[in-house]
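Trainee: Sequence:
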Amino acid sequence: MYNLKNKTILVTGGTGSFGKKFIKRILQYDVKKVIVFSRDELKQYEMAQEYTDPRMRFFIGDVRDKERLYRAFDGVDVVIHAAALKHVGACEYNPFEAVKTNIHGAQNIIEAAIDRGVERVIALSTDKAAAPVNLYGATKLASDKLFVAGNSYVGDKETKFAVVRYGNVVGSRGSVVPFFLKMKETGSLPITDERMTRFWITLDQGVQFVIDNLERMKGGEIFVPKIPSMRVVDLAQAIAPECELDFVGIRPGEKLHEAMITEDDARRTLEYEDYFIIQPEFPWWNDQEINGGKPLPDGFKYTSDTNDEWLTVEELRALVEDLNQPIAKQGV
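According to this note's numbering, numbering within the sequence shown proceeds without interruption in unit steps and concludes at 333.
Keep in mind the hints are simulated off the structure, nothing from the lab. Just so you know, not all the hints are guaranteed correct.
Said to hold, decoys possible - Restricting the straight-line Cα-Cα distance to at most 30 angstroms, the calculated cross-link-like pairs of lysine-lysine (DSBU-like) are:
no. : residue 1 : residue 2
1   : K101      : K146
2   : K183      : K22
3   : K185      : K21
4   : K22       : K227
5   : K8        : K183
6   : K67       : K25
7   : K34       : K219
8   : K158      : K146
9   : K22       : K219
10  : K34       : K44
11  : K22       : K146
What the hints assert, rightly or not - Quick list of simulated restraints, FRET-style, between CB atoms:
no. : residue 1 : residue 2 : range
12  : E51       : R252      : 30 to 40 angstroms
13  : E42       : S176      : 18 to 28 angstroms
14  : P242      : Q50       : 34 to 44 angstroms
15  : R217      : Q29       : 11 to 21 angstroms
16  : E310      : K6        : 29 to 39 angstroms
17  : R26       : R65       : 22 to 32 angstroms
18  : N7        : V249      : 51 to 61 angstroms
19  : G293      : K6        : 23 to 33 angstroms
Quick reminder that beta carbons are idealized off the backbone N, C-alpha and C, glycines included.
Model the full assembly from the supplied sequences, consistent with the hints where possible.
Mentor: Rendered as structure tokens:
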């Protein structure tokens, strides 16, 4: 098992929702140092007022800047790569900006990690990277493939790369929950399509899944958690049952349903009790090194509309309440 004691951890995009939650959790370990790497000096300043642990460091930089990454990675043992342009609409209308951050930035991370002797790198992915229809998903698919292939270039170095892929995060910055909470004051919630479904995970679950895989990774895996699905109309009902639903149509780059494992990926995927591992298709991969897991049946796919586990309106309401968000208590 990988031991985090006395390790230096760097988180790209460390001032984001995931980064802040991950850092709060990782500081509970006996780590040597935790470095926040991000572009926004104001967010770093504000975070430094809250995170006063003497092991904290703040490093302003952009993943597009390879030289800055080389400086930041000096002496770093573990990198969690959470920085990305994530807004679907913004990526559709600013496509090459997404390419520069999500793809070029990924390659910069890989090269700097190998050359600086980083031991382990986990890159965060998204369900939108599986059979992508939008630019954001396409850049994250390319990023995933870069990180998996990065294991081909380490030579005699010890660096290992893996990917964690999961769905929508409850209450994260820019997610639908704070949007619905804001819009409920108008008496109407805009819904793209009444059939729309999504995978759903909490920040705590996402952080723990990354930490778990940091310990179990061999290098080259795409880890996918088993998480529930929810219907967007049920979420609207949970947050604001008194509101009317305004069906506005699917926006550019949106899907009705999301996938985390496609039928083609499933042929090289192993199933465990609460997660899947998509194995790399490279000659260096030794599937004998990973314990357990069972192959998936022909035709299997892991999509939000065919999922076995679903969140009810009551469960969705409880999740939102756990975020300390005030929501309606009316019956449904």
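Trainee: It remains to establish, for every hint, whether it holds in the given structure.
Mentor: For each hint, the structure was consulted:
| no. | hint | result |
| --- | --- | --- |
| 1 | K101 x K146 | 16 angstroms, holds |
| 2 | K183 x K22 | 23 angstroms, holds |
| 3 | K185 x K21 | 27 angstroms, holds |
| 4 | K22 x K227 | 21 angstroms, holds |
| 5 | K8 x K183 | 41 angstroms, violated |
| 6 | K67 x K25 | 27 angstroms, holds |
| 7 | K34 x K219 | 24 angstroms, holds |
| 8 | K158 x K146 | 20 angstroms, holds |
| 9 | K22 x K219 | 25 angstroms, holds |
| 10 | K34 x K44 | 19 angstroms, holds |
| 11 | K22 x K146 | 26 angstroms, holds |
| 12 | E51 x R252: 30 to 40 angstroms | 34 angstroms, holds |
| 13 | E42 x S176: 18 to 28 angstroms | 25 angstroms, holds |
| 14 | P242 x Q50: 34 to 44 angstroms | 38 angstroms, holds |
| 15 | R217 x Q29: 11 to 21 angstroms | 19 angstroms, holds |
| 16 | E310 x K6: 29 to 39 angstroms | 35 angstroms, holds |
| 17 | R26 x R65: 22 to 32 angstroms | 28 angstroms, holds |
| 18 | N7 x V249: 51 to 61 angstroms | 52 angstroms, holds |
| 19 | G293 x K6: 23 to 33 angstroms | 27 angstroms, holds |
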